[in-house]
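Engineer: Construct all of the structure, not just a fragment, from the sequences and the given hints.
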Amino acid sequence: MSDDYGPRVSTGVQGLDEMLKGGLIRGRPYVVSGTTGSGKTTLAIQYLHNGVKGGERSLLVAIDEPPVEIRENMRALGWDIGKIRILDAHPAAKAYTKRVSMVEVAAQRSVAPLREAGPSEKTEQLKKAAPEISIQSLQLMLRQELQETRYARLVIDSLTSLKKLSEMMEDYNSSIMSLLRFLSEANVTTLILTDLPDPTILEPEIFLCRGEIRLHKRMVGNRLDRWVTVEKFRGSAHDIMPRTMTITEKGITVDHKRKIPKASLKVLQAFTQFSR
Amino acid sequence: MIKEKVKTGVPGLDQMLDGGLLQGRTYIVSGTSGSGKTTLAMQFLLEGAKNGERVLYMAIDEPPNEVKSNLKSFGWDVSRIQVFDATPDVMSYDKTPVRDVSTERKVVYFQSVGENIRKTSERSPVDMTVNTIQEILKQEMKVSRYTRIVVDSLTSMRYFYIKTSEENAILMSFLRLLSDIGVTCIVTVQLPEISKPDVEAHVARGEIRLHKWFDGRGLMRGVTIEKYRGSAHDYELRQLRIGPQGITVKIPSRQTGGEEQSAVAGSALQAQAPQDETPPPPDDLPPATDSAAKNPSDSGSQTPSTPEPPPPTDGGQGI
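As you go down the protein sequences, you meet chains A and B in turn. For the first sequence, position 262 (counting from the first letter as 1) is numbered 262 according to the numbering used here, and the numbering increases by one without interruption. For the second sequence, position 221 (counting from the first letter as 1) is numbered 221 according to the numbering used here, and the numbering increases by one without interruption.
If you're looking for bench data, these hints aren't it; they were derived computationally from the structure. All of these numbers come straight from a predicted model, not from anything done at the bench. The beta carbon of each residue, even a glycine, is placed where N, CA and C say it ideally should be. Treat each hint with caution, since some may be false.
What the hints assert, rightly or not - Computed Cβ-Cβ distance ranges for the label pairs, DEER-style: (1) 179/B with 221/A: 34 to 44 Å; (2) 249/A with 252/B: 47 to 57 Å; (3) 255/A with 131/B: 46 to 56 Å; (4) 119/B with 54/A: 22 to 32 Å.
Stated by the list, open to error - A few chain B residues that don't get close to chain A, going by computed Cβ distances all over 10 Å: (5) 4; (6) 77; (7) 166; (8) 248.
Structural biologist: And the structure:
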C-alpha cells in the first residue's frame, strides 16, 4: 500500500498492518507498549524478520535480554532470524571492585549478526572497564553504526530498561528527545519498546513518537485474553477499535475484523478514562 | 462583546466561544495526544491567512515537514502560513561550541518546507532555550505584523528548553510576552491520560480542552471551554468530529448557549454520551467503524454494553 508517504513499512503482522491502513510510515519512530509478557519482543522480532526477508537491513538493540536468549526464544518460532543484526547493549555484571574509570560502551561493543550471538561476554574480560549504558551512549553507538550501515529498520528493546540504566537522569527528557530526533534524521523506521505508560505522567517518548501500538494482556474469567490497540498514529487513518491478538508457534497474529469479546471490552473500558 | 472577536475557523467552536476569541489574548488548547490540537491550531491560522492576515506557526514538537505532510489529507492550502522550525537538534554530546539559534534559523513559508526533516548540522548543533524563542518572536514582530501565532507545544518547551527549577516562572514570563505583543495566540498543551491542572491553565485567558475517549462502540471526541475570561461561553461538552475538511463541532439546533444547569463537563458527558446517535460518530477513520458495523456476529456489542459513560475524573483522581 502506498500513499502520500510512499510505500508503508509492514510490521510483519498482517492484521496489524490492516489496522494501520497499510503499515508504518517510513522513517518515523514508534512506541510499542505493554506489560511484561504481552508480546512486545515477539512483535519486534517479527517486524525485523519481515525486514530482512525483504532484503532490508534490520538492527536489534538488545538491552533487556542477552542476545543468545533472544535467539533461543525465537528459534522456537522457527524463524530464520540469523540475518537480523544485533547490538548487544545488555549490561555487564558490575565489577564492584575499585571503581576504575568507566569506558564508553561505544568503544567496547559492536554489532554482529544474530546467528553469531554466543554466550554473553564474560564480565571477567571486561572487569577492567565495565561499560556503562545510557541513552547518550546508545545514541553515540548508533551514530557510529548508522554511518557504516544504512539500516531501514531498528528496534530498541527496551527503553524502559535503558532509562533505568541511564545515569544522567537530570537531562533525561532531552536525551530521549535527542535520540528520537536522531533516528528520524537517519530515516530509519524504529520500534521503541516500553512498559505501559503511567497514565498520570506524560512521558516524553509517548508524545514525541509518531504512533503508539499498545499490547494488552489480561485475565478475563479464567482465560488469558490478548488484544492490541493503536493509541496514536500521526498522519494516517487507523483502526480505533481494540482487536484480538494471539501468539502461536507461528508468532503474533491479529484478527482485524473481529471485535474483542464483550467481557474483555468491559475490562478495557474500565481502564480507558475520560481525559479530564 | 467588549472587543472584536477573532474567529477560530472551526465551525461550531466560534458559537461556543460566543463569536470567537478576544483579540490580542493568549489561549490554551489542551488535550491528550491525537485529540486534534495541531489540527485545530492550523485551522485557526488558515482562517487568518484566508483573510490576508500574517500568521505564524512555531513548531516545537513535530518537525514542519511532518506537520505539512500530515495535513495533506485535508487538502488545505497552508502555503501562506509562516513557520518557524523550533524543533530541538540532536545533541552531539561532545564539546562543540554551541551557536545561538537565532543566527541559524529563520521564519519561512510552509510552501518552502521540504519533504525531509531538517538535519542537525554535524559541526554546529544549535542550542535553543525559551529565551531564544522569545528573542525570535520579538524580532519577528518588528519585521512582520502578525495577527495570529500558534506555539505547538508549550509542553515540549517545558520538557526540552527549560533546564532549571524555575520552569513555572519561565513559562509564565513566556505567556506574558505573548500577551505583551498583542497578538491573538493559541498555545497547545499536551495532557497525560489522567491530568492535573498546571500553571499554564491559570495564566492563560482561556482554555479550550479537547477530549477523546473510548466508549465501546468507537472513539468519541468532544470539546469543552474550561475557562474564558471576559466573555460568555458554552458550558457544555460538545461533540467534535475530525472529518475530511478538518474539525467541526456539533451544536444542537435548539439554542443551548445560555444553559447553565450542567456547568461541569463531566455531567454534560453523562447527559450526552448515552444518547448519541448510532452509528458512532464518523471520525477521521470511517473504515474501522464500518467493518465493525458490518460484522453481523458482533451485532450484540454495537449498543454500548454499559449504559454509564466512563466515569468523569476531576482533578486527576483516576482509575
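Engineer: Where does the structure disagree with the numbered hints, that is, which hint numbers, in rising order?
Structural biologist: Of the numbered hints, just 1 does not hold.
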